[in-house]
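With the sequences and hints as input, model every part of the structure.
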Amino acid sequence: AQSVAQPEDQVNVAEGNPLTVKCTYSVSGNPYLFWYVQYPNRGLQFLLKYITGDNLVKGSYGFEAEFNKSQTSFHLKKPSALVSDSALYFCAATLYSGAGSYQLTFGKGTKLSVIP
Amino acid sequence: DAGITQSPRHKVTETGTPVTLRCHQTENHRYMYWYRQDPGHGLRLIHYSYGVKDTDKGEVSDGYSVSRSKTEDFLLTLESATSSQTSVYFCAISVRTSGNNEQFFGPGTRLTVL
Chain X
1 AQSVAQPEDQ
11 VNVAEGNPLT
21 VKCTYSVSGN
31 PYLFWYVQYP
41 NRGLQFLLKY
51 ITGDNLVKGS
61 YGFEAEFNKS
71 QTSFHLKKPS
81 ALVSDSALYF
91 CAATLYSGAG
101 SYQLTFGKGT
111 KLSVIP
Chain V
1 DAGITQSPRH
11 KVTETGTPVT
21 LRCHQTENHR
31 YMYWYRQDPG
41 HGLRLIHYSY
51 GVKDTDKGEV
61 SDGYSVSRSK
71 TEDFLLTLES
81 ATSSQTSVYF
91 CAISVRTSGN
101 NEQFFGPGTR
111 LTVL
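Chains X and V, in that order, are what the protein sequence lines are.
By this note's numbering, the letter at position 16 of the first sequence is numbered 16, and the numbering carries on one by one without gaps.
By this note's numbering, the letter at position 88 of the second sequence is numbered 88, and the numbering carries on one by one without gaps.
Hints were generated in silico from the structure; no laboratory data involved.
Even for Gly, the Cβ is constructed at its ideal location relative to N, Cα and C.
Incorrect hints may have been included.
Every beta carbon over 12 Å from chain X, so not counted as near; a handful from chain V, in silico [to be verified]:
| hint | residue |
| --- | --- |
| 1 | P8 |
| 2 | T17 |
| 3 | T20 |
| 4 | E72 |
| 5 | Q85 |
| 6 | N101 |
Calculated lysine to aspartate or glutamate pairs in the DMTMM-like style (CA-CA distance at most 25 Å, straight line) [as the list claims (entries may be wrong)]:
| hint | chain 1 | residue 1 | chain 2 | residue 2 |
| --- | --- | --- | --- | --- |
| 7 | X | K111 | X | D85 |
| 8 | X | K69 | X | D54 |
| 9 | X | K111 | V | D38 |
| 10 | X | K108 | V | E27 |
| 11 | X | K108 | V | D38 |
| 12 | V | K53 | V | E79 |
| 13 | X | K111 | X | D9 |
| 14 | X | K69 | X | E15 |
| 15 | X | K108 | V | E59 |
| 16 | X | K22 | V | D38 |
| 17 | X | K49 | V | D38 |
| 18 | X | K49 | X | E64 |
| 19 | X | K108 | X | E8 |
| 20 | V | K11 | V | D62 |
| 21 | X | K108 | V | D56 |
| 22 | X | K111 | X | E8 |
| 23 | X | K111 | V | E59 |
| 24 | X | K111 | X | E64 |
| 25 | X | K22 | V | E59 |
| 26 | X | K49 | V | E59 |
| 27 | X | K49 | V | E27 |
| 28 | X | K58 | X | D85 |
Dropping the structure here:
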């Protein structure tokens, strides 16, 4: 069965330091992988996605993610964390569900806290 | 929020009562989804729709039904609410049909079942 794992419930990082939020996946075939961010009392916002090609994907707000097929990972990274990056981050992968539709399978989320 | 609204935004109800949540989109997208978000579970798909009157079940569909009589509206109904259905419910749309396209989410409905 397809699954997405985020091994850390919470990540704390000091402002200005690099941050990494980890994600591993178990998907048959070639995966489509996504990162979303959720700020308090808001819906999810799309950050970036991997489809094919370059393993380093750049997204919104200075975030990037590295696709590693051998390790089945898709870690989210940012060179210098901001306090405003504090939020809940979700990794997701798609599964074709028929009738031209795709289902997103989400990880459980990682709470990122950036400490001033 | 990609032209997606959800109503109500907050609701408190009692066990056994019916509840309907509404998702409305303004951009005529074909694909719409209902998720629930619970701590420790991330988001889980309840039902989805791939067109008017075309719906299918997701991972956690028991106790829920949906209807889509118009492109712009996707309704989620809890026929007889239970405390286990206390959650935050999100609607989402897909801009295009291929699996490499991101979904866009509404602001959510917080439902409490007492």
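Hints versus structure:
no., hint, verdict
1, P8, "15 Å, holds"
2, T17, "25 Å, holds"
3, T20, "20 Å, holds"
4, E72, "18 Å, holds"
5, Q85, "19 Å, holds"
6, N101, "8 Å, violated"
7, X:K111 - X:D85, "10 Å, holds"
8, X:K69 - X:D54, "12 Å, holds"
9, X:K111 - V:D38, "14 Å, holds"
10, X:K108 - V:E27, "30 Å, violated"
11, X:K108 - V:D38, "9 Å, holds"
12, V:K53 - V:E79, "19 Å, holds"
13, X:K111 - X:D9, "6 Å, holds"
14, X:K69 - X:E15, "30 Å, violated"
15, X:K108 - V:E59, "15 Å, holds"
16, X:K22 - V:D38, "20 Å, holds"
17, X:K49 - V:D38, "24 Å, holds"
18, X:K49 - X:E64, "9 Å, holds"
19, X:K108 - X:E8, "9 Å, holds"
20, V:K11 - V:D62, "20 Å, holds"
21, X:K108 - V:D56, "23 Å, holds"
22, X:K111 - X:E8, "8 Å, holds"
23, X:K111 - V:E59, "24 Å, holds"
24, X:K111 - X:E64, "17 Å, holds"
25, X:K22 - V:E59, "24 Å, holds"
26, X:K49 - V:E59, "23 Å, holds"
27, X:K49 - V:E27, "22 Å, holds"
28, X:K58 - X:D85, "16 Å, holds"
Violated hints, in rising order: 6, 10, 14; the structure is consistent with all others.
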